[in-house]
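Chemist: Each protein sequence line maps, in turn, to chains A and B.
Going by our numbering, the first residue of the first sequence is number 1, and it counts up by one from there.
Going by our numbering, the first residue of the second sequence is number 1, and it counts up by one from there.
Don't read these hints as lab results, they were simulated from the structure.
Among the hints, erroneous ones may be present.
BS3-like, lysine-lysine: derived pairs with alpha carbons at most 27 Å apart [to be verified]:
#1 K58/B / K57/A
#2 K37/B / K68/B
#3 K58/B / K71/B
#4 K57/B / K68/B
#5 K42/B / K68/B
#6 K53/A / K57/B
#7 K100/B / K57/A
#8 K71/B / K57/A
#9 K57/A / K42/B
#10 K100/B / K57/B
#11 K71/B / K11/A
#12 K37/B / K11/A
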Amino acid sequence: DAGITQSPRHKVTETGTPVTLRCHQTENHRYMYWYRQDPGHGLRLIHYSYGVKDTDKGEVSDGYSVSRSKTEDFLLTLESATSSQTSVYFCATSDVDSEQYFGPGTRLTVT
Amino acid sequence: GENVEQHPSTLSVQEGDSAVIKCTYSDSASNYFPWYKQELGKRPQLIIDIRSNVGEKKDQRIAVTLNKTAKHFSLHITETQPEDSAVYFCAASRASSASKIIFGSGTRLSIRP
Numbered sequence: 001d002a003g004i005t006q007s008p009r010h011k012v013t014e015t016g017t018p019v020t021l022r023c024h025q026t027e028n029h030r031y032m033y034w035y036r037q038d039p040g041h042g043l044r045l046i047h048y049s050y051g052v053k054d055t056d057k058g059e060v061s062d063g064y065s066v067s068r069s070k071t072e073d074f075l076l077t078l079e080s081a082t083s084s085q086t087s088v089y090f091c092a093t094s095d096v097d098s099e100q101y102f103g104p105g106t107r108l109t110v111t
Numbered sequence: 001g002e003n004v005e006q007h008p009s010t011l012s013v014q015e016g017d018s019a020v021i022k023c024t025y026s027d028s029a030s031n032y033f034p035w036y037k038q039e040l041g042k043r044p045q046l047i048i049d050i051r052s053n054v055g056e057k058k059d060q061r062i063a064v065t066l067n068k069t070a071k072h073f074s075l076h077i078t079e080t081q082p083e084d085s086a087v088y089f090c091a092a093s094r095a096s097s098a099s100k101i102i103f104g105s106g107t108r109l110s111i112r113p
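Construct the entire structure; sequences and hints are all you get.
Modeler: If you want it as structure tokens, here you go:
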């Protein structure tokens, strides 16, 4: 599975609390992505990174921020979680002009 | 903005029959079209992809066709088997850029025994 791990795998948190999800890869891929998956919406891109300290917004970036200080790690932060951010979050990586490999996912519940 | 539409959202076929899933895309500069399969509780995994310089690609029971003029592409699964039951996602991107991929909303395929 391309050496991609996500932590935590499950999290329950309360509205208004900050949450950070971590994606770690051992493939030395240049690109990393964060998606959320909700019924009827497929996979929607939140943010992506095309190199260390280089990130850009996806289609549903409001309420989320990211950081990439090392090639292998891509962090997704919800500054103040809301119930609408309850979802399954997938990290993915790819090299130049290649397929995306997905992590195992993180199920986040905001109560 | 860029958009990928996928139909149908659910599909049920008899084991052994064929299944077809169709997608359209809006960004005329898209040149890379992957298809992902996601089994229940698992991560999406690439099953086949096609680039804009070809019109069709086959891999055993799976084939994908691309019509760049009409901006649509399709996944064809022949001789369906129970293990084909899953959610399938189409996607489109400009592969030469930062590889940002836009996904369709998915098709839940069920194979009836």
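Chemist: None of the hints should be skipped; say for each whether it holds.
Modeler: Evaluation of the provided hints:
| no. | hint | result |
| --- | --- | --- |
| 1 | K58/B / K57/A | violated, 34 Å |
| 2 | K37/B / K68/B | holds, 23 Å |
| 3 | K58/B / K71/B | holds, 19 Å |
| 4 | K57/B / K68/B | holds, 14 Å |
| 5 | K42/B / K68/B | violated, 32 Å |
| 6 | K53/A / K57/B | violated, 37 Å |
| 7 | K100/B / K57/A | holds, 10 Å |
| 8 | K71/B / K57/A | holds, 25 Å |
| 9 | K57/A / K42/B | holds, 26 Å |
| 10 | K100/B / K57/B | holds, 22 Å |
| 11 | K71/B / K11/A | violated, 40 Å |
| 12 | K37/B / K11/A | holds, 25 Å |
Violated hints, listed in ascending order, are 1, 5, 6 and 11; each of the other numbered hints is respected by the structure.
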